[in-house]
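Q: Using the hints provided, position chain F relative to the given structure of chain H.
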Amino acid sequence: MQKTAAAAPALPRRKKRYTDKYFALPAIIWVAVTTQIPFLTTVVLSTLKWNLVRPDQGIQFDWFNNYLYYFTGSGAKDFWPILGQTFALLAVTLAGCTVFGFFVALLLDHRLAGINVVRTLVLGPFFVMSTTSGVIWKVTILNMDFGWYALICKTLGLQPVDFISHHPIGIIAFLFVWQWMPFFLLIILGGLQSLSEEVLESAHIDGANWWVTTMRIKLPMIMNYMQTAIMLGLIFLVKEFGLILVTTKGGPGKSSYTLAYFIYDIVFTSKRVGRAAAISVLTVILVSLSVNILLKLIHRRNEMLT
Amino acid sequence: MTSGNTQAFKEAQKALRRRRAAKNVGIGVAAYAFGILYFFPILYMFLTGFKTEIQAVHPRIFFTPTLDTFKKVFADRGLSLNLSNSAFQVTMSTLLCMLLGVPAAFTIRFGKFKKASTNRTLHNWFLTTILLPPVAILMPLFLFYNSTGLMHTRFGLLVLYVGFHLPIVIWMVHSFLTDVPNELIEAAEIDGCSRIQQIGYVVLPLARMGIFSACMLVAVFVWNEFFLAFSLTTNQVQTLPVYMSRFREQQGQFTAQLSASSTVSVLPALILGWLTQKNLVKGLTMGAVKG
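Line by line, the protein sequences give chains H and F. Each residue of the first sequence is one higher than the last, beginning at 1 in the numbering used here. Each residue of the second sequence is one higher than the last, beginning at 1 in the numbering used here.
Chain H extracted, bound-state conformation (with noise of 0.2 Å):
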């Protein structure tokens, strides 16, 4: 022991040798091999004129025309309006969850017996599984004979709308906001609770009543976390599929198709290989965009508080 104390300072210095980077590689191989490399692949595809159907024509290189094709040509009157609805779709169920789970969180943001068991029950939606939720909504509140939705009518005497075949976009959304309305409502309480006591104590010793003391103080002291849930939700949502499929299936016509249930319906029906792989590639700049934009406000407003 003493011997090697010794000896030490004579060695020359051995190089540092950085072994930690063995620890991160298999993560960072595994998930580059199931979701860079198929992306990148998609990237190559786009720009193919390939059909499944037809073998015979063979894959030919056709450049960009197959984003034109969705911009201006025959494809623009499916891709203009399948692009408004997910935009509208997105817009209204996240504005939606943000102004519901914000005055939701007011609401459990109390200290009282059993809240907690509240919470949970409002949380509830959040874990199901969207194709059942969807199926549930349809078939036992929905139903037009036989949901509770026919029955309240019924006992208010009214006439009860079809909304899934009316308003589909409409339904869609008020059912994303029940199924994400928890997840909002959780990330926003937790920022209600990180609210310092003192703060609200003084506001409270100002005389601000209820309204201010929530629009004023409460709610640009939470804006981060707001934005957070935004910019999770976006991710989230864009994702979703089944419940569109078990509730309206992209229907009537294509009027609640959203991009996600656009480019399946590419895939496995038309079999077009580089305009589903163009949708795609659309799909992913549009989040990355949104997502960019809203982090940069977060990042600003970080900057302003410290």
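Misleading hints may appear alongside valid ones.
[Claimed, not checked] In silico DSS-like cross-links for lysine-lysine, where the CA-CA straight-line distance does not exceed 30 Å:
| id | chain 1 | residue 1 | chain 2 | residue 2 |
| --- | --- | --- | --- | --- |
| 1 | H | K239 | H | K77 |
| 2 | F | K282 | H | K296 |
| 3 | H | K239 | F | K282 |
| 4 | H | K138 | F | K71 |
| 5 | H | K271 | H | K254 |
| 6 | H | K239 | H | K138 |
| 7 | H | K49 | H | K296 |
| 8 | H | K21 | H | K154 |
| 9 | H | K49 | H | K239 |
| 10 | F | K23 | F | K278 |
| 11 | H | K21 | F | K114 |
| 12 | H | K271 | H | K49 |
| 13 | F | K10 | F | K23 |
| 14 | H | K254 | H | K77 |
| 15 | F | K115 | H | K21 |
| 16 | F | K112 | H | K296 |
| 17 | F | K278 | H | K296 |
| 18 | H | K77 | H | K271 |
| 19 | H | K249 | H | K138 |
| 20 | F | K23 | H | K21 |
| 21 | F | K114 | F | K10 |
| 22 | H | K21 | F | K112 |
| 23 | H | K249 | F | K72 |
| 24 | H | K296 | F | K115 |
| 25 | H | K239 | F | K278 |
| 26 | F | K72 | H | K138 |
Hint data in this document are derived by calculation from the structure and do not stem from the laboratory.
A: Using the frame of chain H, we list chain F on its own:
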């Protein structure tokens, strides 16, 4: 201060307290009413599972419960097969995610690289992969899986589940590891702990809540994952969300049976989710709020 004043002060205080109590009762009642109303569709689904088909036609809350529907549902081979598929995907993907994700998160937080900025770069890289919706890679997956025979296999689905949930695990575990001070790891290093020992003896005990909630979250996400399962598997290997989406086409319009199968498919995720609700917020927001 005279005694009369004190008396009046006490009276006023008592009145204030009473008013506050009344307000609290009001808020409590409102909160409970809202909670039950919000949960009602799921609650009613649980109840309908205990009805017979004839009872299930009409929306009623009070009825004589029966277990017949549940027996019928469990006798269906499709459900038990899909239940086992779901269980397989959840356990295997959670296990693999932890096995790969925890060391990766550790390295991103504490690891030393040639370039000091590598930690940040790796963290950001994993975060950006969360942005990618699975639907965006459906086309190459479809082509690749069809040509290699991975289509309609449990393994093919599992590989993707691990790939898509690893970034979430790394993100969550990493945000819990920011609470672990550097000094602890350095002390362990000086005491001669290898990296694996540092993870086992220092990180696992300190961040166990975070790791546990990441586990639960992945389990819930995988259990509920629909899109990939629906696109890449069929009857033999499909999971419960796919079973539920095809229920009315394959089993017919039986509301009671639908509710009973839904209960079976929903309950595990609901319980896991409820177990982890407190840590969920922390894990999901810390990375983003503090940027």
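Q: Next step is simple, just say for each hint if it's right about the structure.
A: Tested hints:
1. A threshold of 30 Å between alpha carbons decides the hint, and for K239 (chain H) with K77 (chain H) the separation of about 23 Å falls inside it, so the pair holds.
2. With a CA separation close to 21 Å, the supplied pair K282 (chain F) and K296 (chain H) stays within the 30 Å bound.
3. Annotation: proposed proximity of K239 (chain H) to K282 (chain F) holds, straight-line Cα distance about 23 Å (limit 30 Å).
4. This hinted pair checks out: K138 (chain H) and K71 (chain F) have alpha carbons roughly 24 Å apart, not beyond 30 Å.
5. Taking the CA atoms of K271 (chain H) and K254 (chain H), the gap is about 17 Å. The hint holds against a cut of 30 Å.
6. At roughly 21 Å between alpha-carbon atoms, K239 (chain H) and K138 (chain H) fall within 30 Å of each other, so this suggested pair holds.
7. This hinted pair does not check out: K49 (chain H) and K296 (chain H) have alpha carbons roughly 37 Å apart, beyond 30 Å.
8. Taking the CA atoms of K21 (chain H) and K154 (chain H), the gap is near 66 Å; set against the 30 Å cutoff, the hint is violated.
9. Distance hint between K49 (chain H) and K239 (chain H) is fulfilled; the C-alpha atoms sit about 26 Å from each other, no more than 30 Å.
10. Between K23 (chain F) and K278 (chain F) the CA atoms are separated by roughly 27 Å; this keeps the pair inside 30 Å, and the hint holds.
11. Taken as a hint, the K21 (chain H) and K114 (chain F) pair is honoured in the structure, with Cα atoms around 10 Å apart against an allowance of 30 Å.
12. Of the pairs offered as hints, the one joining K271 (chain H) and K49 (chain H) holds, with about 11 Å between alpha carbons and a cut-off of 30 Å not exceeded.
13. For a cut-off of 30 Å, the pair hint linking K10 (chain F) to K23 (chain F) stands: about 20 Å separates their Cα positions.
14. Of the pairs offered as hints, the one joining K254 (chain H) and K77 (chain H) holds, with about 11 Å between alpha carbons and a cut-off of 30 Å not exceeded.
15. Only pairs whose Cα atoms come within 30 Å are accepted, and K115 (chain F) paired with K21 (chain H) is accepted, the gap being roughly 12 Å.
16. Using a Cα cut-off of 30 Å, the hinted pair K112 (chain F) and K296 (chain H) holds, with the two alpha carbons roughly 29 Å apart.
17. Annotation: proposed proximity of K278 (chain F) to K296 (chain H) holds, straight-line Cα distance about 28 Å (limit 30 Å).
18. Using a Cα cut-off of 30 Å, the hinted pair K77 (chain H) and K271 (chain H) holds, with the two alpha carbons roughly 19 Å apart.
19. As the CA atoms of K249 (chain H) and K138 (chain H) are separated by approximately 12 Å, the hinted pair is consistent with the 30 Å bound.
20. Restraint check: the Cα-Cα separation between K23 (chain F) and K21 (chain H) comes to about 57 Å, which exceeds 30 Å; the hinted pair is violated.
21. Taking the CA atoms of K114 (chain F) and K10 (chain F), the gap is near 69 Å; set against the 30 Å cutoff, the hint is violated.
22. With a C-alpha separation of about 8 Å, the suggested pair K21 (chain H) and K112 (chain F) falls inside the 30 Å cut-off, and the hint holds.
23. At most 30 Å may separate the alpha-carbon atoms for a hinted pair to count; K249 (chain H) and K72 (chain F) meet this at roughly 29 Å.
24. Distance restraint check for K296 (chain H) and K115 (chain F): the Cα-Cα separation of roughly 26 Å lies within the 30 Å cut-off, and the hinted pair is therefore satisfied.
25. For the suggested pair K239 (chain H) and K278 (chain F), the alpha carbons sit about 25 Å apart, so the restraint of at most 30 Å is met.
26. Annotation: proposed proximity of K72 (chain F) to K138 (chain H) holds, straight-line Cα distance about 23 Å (limit 30 Å).
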